[in-house]
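All chains should be modelled from the sequences, with the hints used to inform the complete structure.
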Amino acid sequence: MMNCKQATRAIEREAEGKLSFWQRIQLRLHLFMCKPCMQFKTHWNTLTLLMKNHPVVDKLSPDDKQQIIDQIDKETLKS
Amino acid sequence: MLTKEQLHEWVNDYGDDLYRYIISRVKDDALAKDLVQETFLAAFKSRASYTSGSKPLAWLYTIIKNKMIDHYRSEQRKPTDSLDDQPHIDAVLFDSKGHWRHKPSSHFFSSDMGKAERDEFWRILGECQNDLPNKQKLAFLFKYHEGWESDRICKELEISSSNYWVLIHRAKLKLRQCLEMKWLNA
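Heads up: the sequence lines are chains A and B, in that order. In terms of my numbering, the first sequence has 62 at position 51, counting the first letter as 1, and numbering is strictly consecutive. In terms of my numbering, the second sequence has 306 at position 151, counting the first letter as 1, and numbering is strictly consecutive.
Read the hints as simulated data drawn from the structure, not as lab findings. Yeah, the Cβ is synthetic: ideal placement off N, Cα and C, and Gly gets one too. Among the hints, erroneous ones may be present.
Derived lysine-lysine pairs resembling DSSO-like cross-links, with alpha carbons at most 30 Å apart [unchecked claim]:
(1) A:K63 x B:K188
(2) B:K210 x B:K182
(3) A:K52 x B:K210
Coverage of chain A stretches by chain B, computed from C-beta distances (three or more under 8 Å per stretch; other residues unrestricted) [said to hold, decoys possible]:
(4) 17-25
(5) 32-44
(6) 50-61
(7) 68-75
What follows is the structure in structure tokens.
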């Protein structure tokens, strides 16, 4: 019988399609009976989804850009 | 060949794109800005290899991605960083029989958060991600941000496939644990 530690590992491998048929059955069985592990799997799925769709709206400030431009100019002087 | 003036334009046109790309990965503002700057300087140094007409942003993305890898690689060589972390996360989370010591909480986060809540969530996620040891962090970044296959990650990090599984597994457990602690107790 698979324990929780093994199940959390198996969840990862299953997601990458790296579990044998027999291991998959064992995992299903474990998840069916074990609420915490099912909870873990749900958390992780939500998190993966959130990470994929994370909209980043940050920008460089005009000062940041100017600093980069100044550095480029310094570099041009060197070469 | 790329001129200085063209590069100035690029900073204005593509600086934000590069910054957004890298901040979503490294989650550290100062580091992100350094990497953007280094990228433009590297672009200037290798301006001879840029063929006009090819897409500037694609070229810049390649450079910045390599800069990020180089950065974590050099950090990784520091003696403080190793595959093992103390205390071992498995031992923290599971007892000797492999059962949860602290069961994952049933209240966590949902995908329908308000703006302020969401910002706070990303901030905490960033903190937790940056707490990971470098090798775990890199494996995690490659898998979840770059979407790389495990074979490629193993090659890039020069690790065996069993090491890869250990890294990803620990990164996952730790990150979830860290989020649960900081997010739920926030």
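Results for each hint:
{"no.": "1", "hint": "A:K63 x B:K188", "verdict": "holds (22 Å)"}
{"no.": "2", "hint": "B:K210 x B:K182", "verdict": "holds (26 Å)"}
{"no.": "3", "hint": "A:K52 x B:K210", "verdict": "violated (40 Å)"}
{"no.": "4", "hint": "17-25", "verdict": "holds (count 5)"}
{"no.": "5", "hint": "32-44", "verdict": "violated (count 0)"}
{"no.": "6", "hint": "50-61", "verdict": "holds (count 9)"}
{"no.": "7", "hint": "68-75", "verdict": "holds (count 5)"}
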